[in-house]
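> Sequence:
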Amino acid sequence: MTAPHNDTPEHRTALVTGGASGIGLAIARRLQKDGMRVAVLDLDRPQAREVAESHGLTFIGADLSRREDCRRAIDDTVAALGSLDVLVNNAGFQHIAPLAEFPEDTWDTMLHVMLTAPFLLSRYAWAHLTRSGQGRIINIASIHGHVASPFKSAYISAKHGLIGLTRTAALEAGEQGLTVNAICPGYVRTPLVTGQIKDQARTRGLNEADVEEKVMLEGAAIKRLLDPEDVAALASYVASTAAWGMTGAVLDLDLGWTAR
1 MTAPHNDTPE HRTALVTGGA SGIGLAIARR LQKDGMRVAV LDLDRPQARE VAESHGLTFI
61 GADLSRREDC RRAIDDTVAA LGSLDVLVNN AGFQHIAPLA EFPEDTWDTM LHVMLTAPFL
121 LSRYAWAHLT RSGQGRIINI ASIHGHVASP FKSAYISAKH GLIGLTRTAA LEAGEQGLTV
181 NAICPGYVRT PLVTGQIKDQ ARTRGLNEAD VEEKVMLEGA AIKRLLDPED VAALASYVAS
241 TAAWGMTGAV LDLDLGWTAR
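Residue numbers (the numbering used here): 1 to 260.
Quick caveat, the hints were computed from the structure, so don't treat them as lab data.
Check each hint, because a few of them may be wrong.
To be verified - List of simulated lysine-lysine pairs, DSBU-like, C-alpha gap at most 35 Å:
id : residue 1 : residue 2
1  : K223      : K152
2  : K33       : K223
3  : K152      : K214
4  : K214      : K198
5  : K198      : K223
6  : K198      : K33
For clarity, every value in this text was computed on a predicted model and none was experimentally measured.
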């Protein structure tokens, strides 16, 4: 096993994909608070760059549906930070449609961003992550990595695949001190989910509180949406040197959803 080059957090570095908003931004800021130097990857848009820079985060502009951007993102991160110890694969998006009507190009893009890109980024970052002896890959999956819902075929397929990738990579990485784990949150109060709540309130004739409790949280034991900071707190531990013995784990943060 490779010996750690330095145990102090200020010498550790991280890349968080989808890091300019929602869960990704919360994780990036928490790792930064933990003492890491952090880069966030997002589509190269002025607003995303401004968000990153306003928090003192290094911005990496890339389109994860493009293979060449995945390789460049790792190269740019290492060039900017000098090393890479923690990779958080968080980027993703949602499209809801019946399988028989699901747009083929959207399917291709979603699978590339949420499954192929984590594979490519992990592959391209592997030498850097294993060099430190305390490397971490954290894949942000979902409760939909365990269970299915109608009209979300691409999202659910990607998240199921991401759990398989996590477990396989963990078995291959163990001897090199690199841990690979997945976090599976339930519904999190992000701009995407807030928009879904508003849409469902309008179409179902309910108020937004009822949509949360009776629709989105129907299967949950705790009737409350998670906040992005809740996911970030768990990611902080998984990224820490204290979590050296945890690998191949699928960590459910799902309000009791999958306990049924």
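> Each hint needs a verdict: does it hold in this structure or not?
The hints, checked one at a time:
At roughly 23 Å between alpha-carbon atoms, K223 and K152 fall within 35 Å of each other, so this suggested pair holds. Taken as a hint, the K33 and K223 pair is honoured in the structure, with Cα atoms around 29 Å apart against an allowance of 35 Å. At most 35 Å may separate the alpha-carbon atoms for a hinted pair to count; K152 and K214 meet this at roughly 20 Å. A hinted pair counts as satisfied when its Cα atoms are at most 35 Å apart, and K214 with K198 qualifies at roughly 14 Å.
As the CA atoms of K198 and K223 are separated by approximately 18 Å, the hinted pair is consistent with the 35 Å bound. Our distance criterion of 35 Å between C-alpha atoms is met by K198 and K33, whose separation comes to about 33 Å.
No hint from the list above goes unmet by this structure.
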